[in-house]
Amino acid sequence: MLDDMLNTIFIITAAIILISALLTITAHNVVHALLYLVVTMLAVSLIFFILGASFAAALQIIIYAGAIMVLFIFVTMMLHQGEKSLAQERHLFNFSTSITALFLSSMLFFELIFMLFLTPADSANRLVTAPSSAIITVKDIGTQLYGPYSLLVVISALMLLSALITAIHISKSPVTSEIKTKADNL
Amino acid sequence: MDSWLTPLIILVVLLLLGAWSIWLERRVLALWQDRLGPNRVGPFGLLQVVADMIKIFTKEDWVPPFADKVLFIISPMIVMIMTLLGFAIIPFAPNIQIAQFDHALLFLLAISSLSVYSIMLAGFSSNSKYALLGAMRTAAQMISYEVFMGLALMGVVILADDFSLSAIVAAQADVWFICYQPLGFVLFFIAGIAEIHRAPFDLPEAETEIVAGFHTEYSSMKFGMFFIGEYLGVILISSLITTLYFGGWQGPFLPPLLWFILKTGFFILFFILLRAAIPRPRYDQLMVFAWYILLPLSLLNLLVTGAVKLSLLG
Numbered sequence: 001m002l003d004d005m006l007n008t009i010f011i012i013t014a015a016i017i018l019i020s021a022l023l024t025i026t027a028h029n030v031v032h033a034l035l036y037l038v039v040t041m042l043a044v045s046l047i048f049f050i051l052g053a054s055f056a057a058a059l060q061i062i063i064y065a066g067a068i069m070v071l072f073i074f075v076t077m078m079l080h081q082g083e084k085s086l087a088q089e090r091h092l093f094n095f096s097t098s099i100t101a102l103f104l105s106s107m108l109f110f111e112l113i114f115m116l117f118l119t120p121a122d123s124a125n126r127l128v129t130a131p132s133s134a135i136i137t138v139k140d141i142g143t144q145l146y147g148p149y150s151l152l153v154v155i156s157a158l159m160l161l162s163a164l165i166t167a168i169h170i171s172k173s174p175v176t177s178e179i180k181t182k183a184d185n186l
Numbered sequence: 187m188d189s190w191l192t193p194l195i196i197l198v199v200l201l202l203l204g205a206w207s208i209w210l211e212r213r214v215l216a217l218w219q220d221r222l223g224p225n226r227v228g229p230f231g232l233l234q235v236v237a238d239m240i241k242i243f244t245k246e247d248w249v250p251p252f253a254d255k256v257l258f259i260i261s262p263m264i265v266m267i268m269t270l271l272g273f274a275i276i277p278f279a280p281n282i283q284i285a286q287f288d289h290a291l292l293f294l295l296a297i298s299s300l301s302v303y304s305i306m307l308a309g310f311s312s313n314s315k316y317a318l319l320g321a322m323r324t325a326a327q328m329i330s331y332e333v334f335m336g337l338a339l340m341g342v343v344i345l346a347d348d349f350s351l352s353a354i355v356a357a358q359a360d361v362w363f364i365c366y367q368p369l370g371f372v373l374f375f376i377a378g379i380a381e382i383h384r385a386p387f388d389l390p391e392a393e394t395e396i397v398a399g400f401h402t403e404y405s406s407m408k409f410g411m412f413f414i415g416e417y418l419g420v421i422l423i424s425s426l427i428t429t430l431y432f433g434g435w436q437g438p439f440l441p442p443l444l445w446f447i448l449k450t451g452f453f454i455l456f457f458i459l460l461r462a463a464i465p466r467p468r469y470d471q472l473m474v475f476a477w478y479i480l481l482p483l484s485l486l487n488l489l490v491t492g493a494v495k496l497s498l499l500g
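Chains as they are written, first to last, in my numbering: chain A, 1 to 186; chain B, 187 to 500.
Since the hints were made in silico from the structure, they are not lab data.
A hint or two may mislead.
Unchecked claim - Calculated pairs, DSS-like style, for lysine-lysine (alpha carbon to alpha carbon, straight line, at most 25 Å): (1) B:K315 x B:K255; (2) A:K84 x B:K255; (3) B:K245 x B:K255; (4) A:K139 x B:K495; (5) A:K84 x B:K315.
If you're wondering where the values come from, they're calculated on a predicted model, not measured in any experiment.
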């Protein structure tokens, strides 16, 4: 009963992901396209939730939908040109430029279909079995991250730190240093 | 009680409270400023809200012809939906809670990060300069203050060893977390005010600078939804403060629900007092305050809490 319901929800969510992803690349308005992408993110998060990874689901919303996409929309909102930019893009991208990409991605698509049909429907295969609702707790993830994967955590922290320092260095201009003196006076 | 009845009652009560806290704010502000406030409609002016609602419903619901129509209509809905969703995880009393799951606090952070969209889309779809300026300010403000909100909450999570709000309330049976986390409480409170952009952090709608900010073009009930959404946000943050730092529904003698209402009511009044007492900072001051003062403080709070907890565990 519950498995049936989860299956139905999974299929509906997967359909939402496909449709909104398609709309993301076909929408003419940039902000609309980004909003469809947000819908895709939210639906992916629901898939994570159905699979029992509720921590990953929450992070998917907080980081992707809540932070990265907000920044994307923030920037496009400021640079939004409406019809003018649309005409410019029409001039830049015509159908002939996308033929190679279309060919390659359709190859990949057929390969995927082929693989899915050839894969035996064994019970150990997570993709084939019904979505499991075994819940992974935050504690499990924490012990994994700071146990066997602690080196990866440290490396990604170093990468983020260096990215942060680079960003500060690039954005250092007379204006920002002026703000900093204001902060010192605060 | 039926499983659908409790959520329905909570929803109706919240919507009524959201509307009536407008009356409360006007009355209490007037009291503190030696005025009378709305006192004509009904006893103590209590029916002022009903009059306001009739007025707001019968006004012309105008969608500007230059606006992005779909987004323009969706964005006030988002703010209401997101704020009301936030209440789903609040334990009002031992058995009165809509949804109970492990990652309640993460759910809350996700909800609060999604509510940025309502204001950004309102500003963008209005297609007007003031609305866009207001939306940009909000987006920057909310993204910045979300960081400290999350970091301040982590102190509570470390103490309670759990992300679920009922476990956090249970962990405060002996001592309220405000005793262990005074700095965390102050940080969360400031971030909370900025997150629902109430005065003194109401720069997105600073009427002396940018008309009404992101909702300049809104009229009738669409404006009403932004308005009530803001008051619902005040109630949400107040009840979160109660739950996270002041022991939730726990307290002697009185029934749990009454304790919860009393504590939450106190913080709602405090929000109103803040509006009356503190002037609005400048926009760059707000951002500098966030990144130069609050970020180091919240990191320090997290570090010290973790260190003390680890040293006590041995």
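Status of each hint after checking the structure:
1. B:K315 x B:K255: holds, 17 Å
2. A:K84 x B:K255: holds, 20 Å
3. B:K245 x B:K255: Measuring from Cα to Cα gives roughly 19 Å; hence the hint holds.
4. A:K139 x B:K495: Roughly 16 Å between the alpha carbons, so the hint for A:K139 and B:K495 holds.
5. A:K84 x B:K315: holds, 18 Å
Hint violations for this structure: none, all hints satisfied.
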